[in-house]
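Build out the structure end to end from the sequences listed, making use of the hints.
Each protein sequence line maps, in turn, to chains A and B.
Per our numbering, the first sequence starts with residue 16, numbered consecutively.
Per our numbering, the second sequence starts with residue 56, numbered consecutively.
Don't read these hints as lab results, they were simulated from the structure.
Where hints are given, some of them may not hold.
Claimed, not checked - Computed list of lysine-lysine pairs in DSS-like fashion (alpha-carbon distance at most 30 angstroms, straight line):
#1 A:Lys-243 to B:Lys-94
#2 A:Lys-266 to B:Lys-68
#3 B:Lys-205 to A:Lys-84
#4 A:Lys-119 to B:Lys-114
#5 A:Lys-266 to B:Lys-144
#6 A:Lys-266 to B:Lys-103
#7 A:Lys-119 to B:Lys-205
#8 A:Lys-119 to B:Lys-94
#9 A:Lys-330 to A:Lys-119
#10 A:Lys-324 to B:Lys-205
#11 B:Lys-205 to A:Lys-380
#12 B:Lys-114 to A:Lys-243
#13 B:Lys-205 to B:Lys-129
#14 A:Lys-205 to A:Lys-266
#15 B:Lys-129 to A:Lys-380
#16 B:Lys-144 to A:Lys-243
#17 B:Lys-103 to B:Lys-129
#18 A:Lys-119 to B:Lys-144
#19 B:Lys-144 to B:Lys-94
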Amino acid sequence: METETVTVSTVIGDLPATPTGDATETLTLNMGPQHPSTHGVLRLVLELDGETVVRAEPHIGYLHTGMEKTMENEAYQQAITITDRMDYLSGMNNNLGYCLAVEKLLGLEIPPRGNAIRVLMSELQRIASHLVWLGTHAVDIGAMTMFFYCFREREILLNFFEEVSGARLTPAYIRVGGVAMDLPIGFEEKVAQFLGLFPDRLDEYWTLLDENPIWRDRTVDVGLLSAKDCLAYGVTGPVLRASGVAYDVRKAMPYCGYEQYDFEVPVGQNCDVFDRYRVRMEEMRQSIRILEQVLRTMPDGQTNADDPKIVLPPKERVFSDMEALIHHFILVTRGFPVPPGEAYASIESPKGELGYYIVSDGSEKPYRVRVRPPSFYNLQSLPHIVTNNMVADVVAVIGSLDIVLGEIDR
Amino acid sequence: MADAASIQTELTKIRSAGSDAVQSVEENPVMGTPWITVKPRSIVSVLKILRDDRALDYKLLTDLTCLDRPEREKRFGVVYILYSVTHNKRLFLRVWVGEGEAVPTVSAVFPSANWAEREVYDLFGVIFEGHPDLRRIELPDEWEGHPLRKDYPLIGRRPVILYNDVKDIL
Numbered sequence: 016m017e018t019e020t021v022t023v024s025t026v027i028g029d030l031p032a033t034p035t036g037d038a039t040e041t042l043t044l045n046m047g048p049q050h051p052s053t054h055g056v057l058r059l060v061l062e063l064d065g066e067t068v069v070r071a072e073p074h075i076g077y078l079h080t081g082m083e084k085t086m087e088n089e090a091y092q093q094a095i096t097i098t099d100r101m102d103y104l105s106g107m108n109n110n111l112g113y114c115l116a117v118e119k120l121l122g123l124e125i126p127p128r129g130n131a132i133r134v135l136m137s138e139l140q141r142i143a144s145h146l147v148w149l150g151t152h153a154v155d156i157g158a159m160t161m162f163f164y165c166f167r168e169r170e171i172l173l174n175f176f177e178e179v180s181g182a183r184l185t186p187a188y189i190r191v192g193g194v195a196m197d198l199p200i201g202f203e204e205k206v207a208q209f210l211g212l213f214p215d216r217l218d219e220y221w222t223l224l225d226e227n228p229i230w231r232d233r234t235v236d237v238g239l240l241s242a243k244d245c246l247a248y249g250v251t252g253p254v255l256r257a258s259g260v261a262y263d264v265r266k267a268m269p270y271c272g273y274e275q276y277d278f279e280v281p282v283g284q285n286c287d288v289f290d291r292y293r294v295r296m297e298e299m300r301q302s303i304r305i306l307e308q309v310l311r312t313m314p315d316g317q318t319n320a321d322d323p324k325i326v327l328p329p330k331e332r333v334f335s336d337m338e339a340l341i342h343h344f345i346l347v348t349r350g351f352p353v354p355p356g357e358a359y360a361s362i363e364s365p366k367g368e369l370g371y372y373i374v375s376d377g378s379e380k381p382y383r384v385r386v387r388p389p390s391f392y393n394l395q396s397l398p399h400i401v402t403n404n405m406v407a408d409v410v411a412v413i414g415s416l417d418i419v420l421g422e423i424d425r
Numbered sequence: 056m057a058d059a060a061s062i063q064t065e066l067t068k069i070r071s072a073g074s075d076a077v078q079s080v081e082e083n084p085v086m087g088t089p090w091i092t093v094k095p096r097s098i099v100s101v102l103k104i105l106r107d108d109r110a111l112d113y114k115l116l117t118d119l120t121c122l123d124r125p126e127r128e129k130r131f132g133v134v135y136i137l138y139s140v141t142h143n144k145r146l147f148l149r150v151w152v153g154e155g156e157a158v159p160t161v162s163a164v165f166p167s168a169n170w171a172e173r174e175v176y177d178l179f180g181v182i183f184e185g186h187p188d189l190r191r192i193e194l195p196d197e198w199e200g201h202p203l204r205k206d207y208p209l210i211g212r213r214p215v216i217l218y219n220d221v222k223d224i225l
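Right, dumping it as structure tokens:
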């Protein structure tokens, strides 16, 4: 039988010409600033050709509150409370970086117990920050359970911070000259208890994600950034290490006695989202190793440097000792002068190299405080990573960069 | 750490960019590494040498920032902090410029300088010559003044009203 062929155009009218080659029209898509997967108030303007990103432009500054300017107008001890509002997921690390820079200017030596407590807090904070990263990164990609699991463990850590400092996110516990106060009684046992439980929980996360085909599909060979490009864009931290460069400030330029602890710097090689995940997972295991060593070797003695002109006297002495009362009064009302000079101190925060460049003019307030926020430079590489990739991968890449807008905008 | 002797190689190499490229070398006992003050015009070639020379290998521009000293004739000190992963060494460079003078951009040498220079322009008002995209980055485009300058008041100049109209955002 003979069949009659009818062209579609006779039925529905003339179709527009099929797009060929470069004659395609692009679509501009606005993502954020209010978007759950931008981890804060990041706004991305994406130009799409079908599902491929042609151009991506991050807009930042929605959280800009002039923190560096504010710090220039606060006494050195007061400015600590501003630092933990920058990267609010790792307040202890921010406190530490700032204090190290001021202590460099003062030429202050911290007693061993003070340093050990600082390491203890930074590593607990690193785990807490990585847990938020893992939970939110996984929920972005669709693994809802991870979010609840990670936040369950993070709760224990936040309770630790509350116990030592009274605050969960903004501890201001690490102070110039040492720490705010010694560890509460029984604190070390609680940390030890957590360390007994946490490796099993990590294995649990591991089994949920590592062999999960959906997770692998969304992360393996996605969001490539070579080691060369990482360095060119100033990317540091786990993202740089996932590209095969073993740069970790804790090893390269040890501070707070990190050189006494035995730990490894995990390094990836595929430069993709999956390797960044693996590097951070391994970092949590290394943090457990460090924490176990800190608890085993925790020295006794003073936590604060022995300098009454800088460190607040203990409260019980303020009520009984004239000199302590005067020091307390002067330090609280006026602060302490810092010799003129310039210092740069950097630490390995969970996000990367966190640097503080502080200039002093000899007064009680810093002349200039510059924060080198790791997220700022890590985010800068985002357009380079996502261009010519699928739009669905943008969310996975943002998650793997682990940015905090609080420190990007400051 | 170290004194001027330890960066002798760096200084010799930098001077090959031009005999007057280095203006001064200041000891900095706090940081250990001295400050190298470079002529604004030479900064691009100096950074290129530091990045590409195998013996130096400063591949990472850790940070680029600025310092305002209004009492000086050239009030803005633009700071470059470099790091060499292979040699585990940090280097601090500085360029002094006055009000209205431009610094050549280094974003072609280090792409990381792109946003950092935009931030310095935004908050200090230093112009980076040849920058591909010199716009404000933290503050709104229509903002007046540069807040991190020492003569900018802490409370700002006027109340902030942002985005009256939808077309301002797009």
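- Message: Let me make sure I understand: some of the numbered hints might not hold for this structure. Which ones are they, in numerical order?
- Response: none
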